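Chain U: place on chain B using the hints.
Chains as they are written, first to last, in this note's numbering: chain B, 72 to 183; chain U, 5 to 115.
Derived from the structure by calculation, the hints contain no laboratory data.
These numbers come from a predicted model, not from an experiment.
Only part of the chain U face toward chain B is listed, based on derived beta-carbon distances under 10 Å: (1) 12; (2) 36; (3) 42; (4) 46; (5) 48; (6) 94; (7) 103.
Covered stretches of chain U, going by a simulated chain B footprint (3 or more residues, C-beta under 8 Å): (8) 49-58; (9) 104-110.
Just so it is clear, CB atoms sit at the ideal spot from N, CA and C, and this is done for glycine as well.
Below, each chain spelled out in residue letters.
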Amino acid sequence: DVKVTQSSRYLVKRTGEKVFLECVQDMDHENMFWYRQDPGLGLRLIYFSYDVKMKEKGDIPEGYSVSREKKERFSLILESASTNQTSMYLCASRQSSYNEQFFGPGTRLTVL
Amino acid sequence: QKEVEQNSGPLSVPEGAIASLNCTYSDRGSQSFFWYRQYSGKSPELIMFIYSNGDKEDGRFTAQLNKASQYVSLLIRDSQPSDSATYLCAVSYTGGFKTIFGAGTRLFVKA
Numbered sequence: 072d073v074k075v076t077q078s079s080r081y082l083v084k085r086t087g088e089k090v091f092l093e094c095v096q097d098m099d100h101e102n103m104f105w106y107r108q109d110p111g112l113g114l115r116l117i118y119f120s121y122d123v124k125m126k127e128k129g130d131i132p133e134g135y136s137v138s139r140e141k142k143e144r145f146s147l148i149l150e151s152a153s154t155n156q157t158s159m160y161l162c163a164s165r166q167s168s169y170n171e172q173f174f175g176p177g178t179r180l181t182v183l
Numbered sequence: 005q006k007e008v009e010q011n012s013g014p015l016s017v018p019e020g021a022i023a024s025l026n027c028t029y030s031d032r033g034s035q036s037f038f039w040y041r042q043y044s045g046k047s048p049e050l051i052m053f054i055y056s057n058g059d060k061e062d063g064r065f066t067a068q069l070n071k072a073s074q075y076v077s078l079l080i081r082d083s084q085p086s087d088s089a090t091y092l093c094a095v096s097y098t099g100g101f102k103t104i105f106g107a108g109t110r111l112f113v114k115a
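Isolated chain B, as found in the complex:
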């Protein structure tokens, strides 16, 4: 059974803190993605990685960075959290562009 896990379901941080969101997949997938989802705005791509140590900016990369040191793990980093980064963060993985993405359960981040 395929599985994508995320380190936290709920997270509360203070403005200015450095925040790490971890994502792990057990399917040996090549591609991994980080999205944020806000009401009325749909899914917005922050960063994606098509291979280990490879990363590409998505549509809204400002204020975020990523790390992919191992194939199964893709981390999203908020260098200095701000209140406008309060959102639902979703990680996903897939084998190739022909295939569907599998989503993790999401992390609801609140920045106070």
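Frame of chain B; chain U shown alone:
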């Protein structure tokens, strides 16, 4: 810029009716088409995928693809209250890494 458009809804249908969800896309280089269902507070889960023109059926769900007209649709037969959710249309492109998601259509099935 590649786009995927969906009617945001909400679409309301009575229990037992057919729900029809539509999606249009802008790029003719599109290769793979997906429908995801997302319950409130949950992450998206795959319902159907389709690669070729025509219909693809899986239980109560039918995906329809028309590449000439650049649209893809999802039909839900015998709609149930448990089908009430947001349905996301997604499109992947030949040689591309990104999947483009529509904003989703909210479906309500009234008992």
